[in-house]
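Starting from the structure of chain U, add chain L where the hints point.
Top line first, the protein sequences correspond to chains U and L.
Reminder that position 54 of the first sequence reads as 54 in the working numbering, one-by-one numbering, no gaps.
Reminder that position 291 of the second sequence reads as 1291 in the working numbering, one-by-one numbering, no gaps.
The set of hints was computed from the structure by calculation and includes no laboratory data.
There's no promise every hint is true.
Unchecked claim - Computed list of chain U residues with no C-beta within reach of chain L, every gap over 10 Å:
#1 Gln63
#2 Ala69
#3 Glu116
#4 Glu153
#5 Asn208
#6 Gly211
#7 Ser371
#8 Ile388
Unchecked claim - Below, in silico cross-link-like pairs of lysine-lysine (BS3-like), each with a Cα-Cα straight-line distance of 30 Å or less:
#9 L:Lys1055 <-> U:Lys408
#10 U:Lys241 <-> U:Lys209
#11 L:Lys1055 <-> L:Lys1132
#12 L:Lys1132 <-> U:Lys408
#13 L:Lys1118 <-> U:Lys408
#14 U:Lys408 <-> L:Lys1071
#15 L:Lys1326 <-> L:Lys1055
#16 U:Lys151 <-> U:Lys408
#17 L:Lys1118 <-> L:Lys1014
#18 U:Lys135 <-> U:Lys408
#19 L:Lys1055 <-> U:Lys400
#20 U:Lys408 <-> L:Lys1133
#21 L:Lys1060 <-> U:Lys400
#22 U:Lys400 <-> L:Lys1071
#23 U:Lys408 <-> L:Lys1060
#24 U:Lys400 <-> L:Lys1118
Just so you know, these numbers come straight off a predicted model, no measurement behind them.
For glycine and all other residues, C-beta sits at the position ideal for the given N, C-alpha and C.
Each chain, letter by letter, is given below.
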Amino acid sequence: MKLLIFTPAVKTSAIGRMSCLVTHALVAQGHDVVIVRAEEKELLRRPSHNFGTRMIPWNDEKQVLDAAAQCDIAVYQVGDNFLYHEGCVSWLARLPGVVCLHDFFVGHMFYAWAQENMDAANSILKHWYGDNVVKSFFKYPDNAAFIEGTKDEAPLVEWITSQALGVITHSRWGTPRLIRSCAGPVHVVPLAYDAPGESTMTPDYEPNKFGRMKLLTIGHINRNKRVASVIRAIASSPLLKQNVVYRLVGSIDPDTALDLSALANGLRVNLVISGSVDDTELAIAVGETDVMSCLRWPSLEAASASAIEAMLYGKATVVTDTGFYGEIPDDCVEKISHEDEINELRTTLERLYSSPGARAAMGERARQWASSTYSADNYARQLVDTSIASQRLRPRVIAKAYFVRVMKQWGASDELLHAEETLGSLAVMS
Amino acid sequence: MWGGAEELSVNLQKNLIIAGHDSEVLRIPFQWEPASRISSQMLMVRALELWNVDKVIALKFPAFYIRHPDKTLWLLHQYRQAYDLYDAGQTNLPPGQEGDDLRALITNADNEAFAESKRIFTNSEVTRRRLKKYNDFDATVLLPPINDPELFAGGQFGDYIFAGGRVNGMKRQHLLLEALAHTSSNVRLIIAGPPDSPADGNQLREAVERLGLGDRVKLDLRFLPRETYAEYLINAAAVAYLPFDEDSLGYVAMEAATAGKALITTSDSGGILGLVKHRETGWVAKPAAASLADVMNAVFVDQALTRSYGRSARDLWNSFEITWPKTVESLLQ
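If we strip away everything but chain L, and leave its shape as in the complex, we get:
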């Protein structure tokens, strides 16, 4: 798997080296399924010893079980199926006693790892709150910087809304298509990014066909070169990103703000709400096609207003002062 966490680790390594340190990424294999194998994978990580390094920065479950006297957590992921997703009935843990035992094991092991960490940062306010709620540990939010800000300068105010990033049910690109069917005919949409599975791609293609949106939608469903992705983004009128209850701001939103684009999201999207202020930096719609259609129309009704939202988004993002040198400095404190 290669996702945001992996991308972040590579860029953290790069920026540690830029700051004058030796740095390596240790990737630890982990598979969610079957759930009965989770405990043995946790044990495997717990047995790892890295006594030949001065400091360990651990990013996610179960990698943060590694023992080290100087360990800092930059928590991107706990095993959410044992926490909030369990409460939401979206867990892969087995029902009954077996699942309860596994959940208790994960909670206890997490608590042990958190207690022995020198400092704990989280990648978002959502992650920080979850850590406090379920494990009663305090943490400092350390938002991840974007990795190649130079790609997100310039560009035009185009005639489309851009939705970039991984394509899957949780990212809800299909909801944008449903909404588009309710908008004026001048609203166009580009969805670009790699589907997690063939079914995720097919679902979008089927929706375009079913809703008769072929002339207003471009689907570019593949792993895009960064330059291609940036081209789509900097030439959009606005950027839409509406994951379901995601922890972080999301790279798509951060890059859009860097590019000075107005943002569209939904009220249940989680971390991104730290960057999308309704009618200030963009629009926060209800997670329903009609509500989304209204804000998609609004993008093109008053272009000056939309541009001003984009500038506000950039200003807000810049006010966070999220840069790699500062991030590295915090992590090495």
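Isolated chain U, as found in the complex:
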């Protein structure tokens, strides 16, 4: 099969890294792949992952059209970041294909896209969510309010998936909206990921070295990674306060760093903020740690690369019992309820501190399960299967779209389009 894959390729993109793994697996399975880099113009100049195949930029229209004419299917790796996915948004409507959806909320990407497409954006908001959302969507005072106000009512996934021939996503919890909005198949496939730093991991890892349990959070440090709650949980336990070092590795804005440092200092919690590091240093940090914290609230992603990475490295991992994390087997991670976050976190961390053996056993179970589940080979095979299924369904999708378009030209109201009799007559094409 010949696949044209639109994806961020820049090294800082986790989706780019995943796409790269899948591309190598596809090529190994005998398929042809052309990569269309989807980042915004400035990022296109930056170094990319090594895809080992032809790569073209999304904004070179002639090259993209020529490549599209030669391909069997277009594939779009889509996450909630316009800077990384501008090319996907730009081409999806023109060249429909299979969307690999990494987040069940793409409101930030939509917001950024809307700045140059306000009329279309308002029309999309009105179509999917109604007039009230149109009035409020662009008026939230800050990001936290924006997420809180839109994550349930207007996650905008429908905007993307309604344009797709088929959808692959990586956990089940957000799929009902996708099934309603995408006319083609919707498949759940575990994210492809690996543990690239395994070979550089500290060979002399020692649990609770110097009597201290190392706790680690990685990735871009923001509110939804629950760092403040972790600090408070540690502070609430004399045992943890005395024996836990909590480290943050990943980009963090200065205000957040200041706030968290002040909180930790005030509560006498041992917090280390390392900031951004290279891949080797990150692998060492993971290798050294005893426990990974992958808490999230709200959880909007279809899968978490850092949680998968933690499991692939065989680390005991603490997650919030929600979304993607809730679908991980119970014996592979420690699940914390958001409603009683600090208390549950405290007792869980105390138990993990006191039982290095049980901790290691859970990490090993997680490693084995994650290694067999988050496989690039499996992802590549399922991507090809979904592409074939989407192509087969395409005539039916086009037929249904034709009838809906005719009804709309005739001024059909939403009520009429959703009437049982109308849906019944279109069901013959399902």
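For chain L alone, coordinates are given in the frame of chain U:
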């Protein structure tokens, strides 16, 4: 269903073939009830493609939604429940928003179909006016010719008034019976044709019984052979046809005029008024038993006058020059 439109389509096909063309009739199923299924039936027709024919002549809703680059409409029926019958409170569309949505859908779809048609003809002035009023499209009236004019020659001036065609409430044969009860005892009436439902037939039988008209009325309520129907018509003294606000002249009236029979109708009967000129080609009564009784009496009071009305009706009809060769020529322009 087999009615005037179906009959017309078969005769149009026949006359297209006579004119040297290949022609087929494509009948498209359509059911009014339930109204909620109307939109899906409209869609079905819109999806039909007839790219292997040179020309499409579409006659009625929703058949005129068929796409074709050379489509001519000979409009016999719009979906009147969305237009004038809606205004008259005689619609089958549901009340409230749902009905409003359906009505808007039908109007928009009709407008789209009309706009893409090469030419639009209507079967009557009433249909033309309705099209202009509700959809703002102009059309040319192209009255349908009668199909077997040879059957309507000869005959006598008989001793009865004939009311032929389908029997139902809208055709108001019962009103003729009510009127007959008010006429002189020498006035007789033959009502002949298929009832739309058993109840329609029973209503007439019950009226004859109730009004004591058994010796002055013949009810022949069935689908008649054409020859039998023509026999009734050409031997009548006059022909009565009083539908409620019908679009077209009506085959019964056109055939009666061909046969040179004086015509009786009512002032609210619609298209037929194009052929019935009061005291010229017949009589236009008020739609009430007493008024109708007066004109039914008049048929037999001065037979010479009645015959002259019949001749005038034939002359008027002939002046329309409505023949199949001319009709085919117009439709293929």
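Verification of the supplied hints:
The non-interface label for glutamine 63 of chain U is consistent with chain L: the shortest C-beta to C-beta separation is roughly 37 Å, beyond 10 Å. Every C-beta of chain L lies more than 10 Å from that of alanine 69 of chain U, the closest at about 28 Å, which supports listing it as non-interface. Annotated as non-interface, glutamate 116 of chain U keeps its C-beta farther than 10 Å from every C-beta of chain L; the closest such distance is 33 Å. Distance check on glutamate 153 of chain U: its Cβ is at least 24 Å (rounded) from any Cβ of chain L, clearing the 10 Å threshold; non-interface status holds.
With a closest Cβ-Cβ approach of about 69 Å to chain L, asparagine 208 of chain U is found to remain outside the 10 Å limit, as its non-interface label requires. Chain L leaves glycine 211 of chain U outside its interface by the beta-carbon criterion, the shortest separation being 72 Å against a cut-off of 10 Å. Under the 10 Å C-beta cut-off, the non-interface status given to serine 371 of chain U relative to chain L holds; the minimum distance is some 51 Å. Non-interface call for isoleucine 388 of chain U relative to chain L: holds, since the shortest CB-CB distance, roughly 27 Å, exceeds 10 Å.
Of the supplied pair hints, the one linking lysine 1055 of chain L and lysine 408 of chain U holds, its CA atoms being roughly 28 Å apart against a limit of 30 Å. For the given pair, lysine 241 of chain U sits about 16 Å from lysine 209 of chain U by alpha-carbon distance, which is consistent with the 30 Å threshold. The hinted pair formed by lysine 1055 of chain L and lysine 1132 of chain L meets the criterion: a straight-line CA distance of about 25 Å does not exceed 30 Å. Distance check on the hinted pair: lysine 1132 of chain L and lysine 408 of chain U sit about 24 Å apart at the alpha-carbon level, within 30 Å; holds.
Pair hint lysine 1118 of chain L plus lysine 408 of chain U holds up; C-alpha atoms about 24 Å apart against a cutoff of 30 Å. Taking the CA atoms of lysine 408 of chain U and lysine 1071 of chain L, the gap is near 23 Å; set against the 30 Å cutoff, the hint holds. With a C-alpha separation of about 18 Å, the suggested pairing of lysine 1326 of chain L with lysine 1055 of chain L holds against the 30 Å cut-off. For the hint pairing lysine 151 of chain U with lysine 408 of chain U, the CA-to-CA distance comes to about 29 Å; that is within 30 Å, so the pair holds.
The hinted pair formed by lysine 1118 of chain L and lysine 1014 of chain L meets the criterion: a straight-line CA distance of about 23 Å does not exceed 30 Å. With a C-alpha separation of about 24 Å, the suggested pair lysine 135 of chain U and lysine 408 of chain U falls inside the 30 Å cut-off, and the hint holds. Taking the CA atoms of lysine 1055 of chain L and lysine 400 of chain U, the gap is about 28 Å. The hint holds against a cut of 30 Å. Taken as a hint, the lysine 408 of chain U and lysine 1133 of chain L pair is honoured in the structure, with Cα atoms around 24 Å apart against an allowance of 30 Å.
Note on lysine 1060 of chain L and lysine 400 of chain U: the hinted pairing holds, with a Cα-Cα distance of about 26 Å set against a maximum of 30 Å. Taking the CA atoms of lysine 400 of chain U and lysine 1071 of chain L, the gap is near 25 Å; set against the 30 Å cutoff, the hint holds. Restraint check for lysine 408 of chain U and lysine 1060 of chain L: satisfied, since their Cα atoms lie roughly 23 Å apart, inside the 30 Å limit. With a C-alpha separation of about 29 Å, the suggested pairing of lysine 400 of chain U with lysine 1118 of chain L holds against the 30 Å cut-off.
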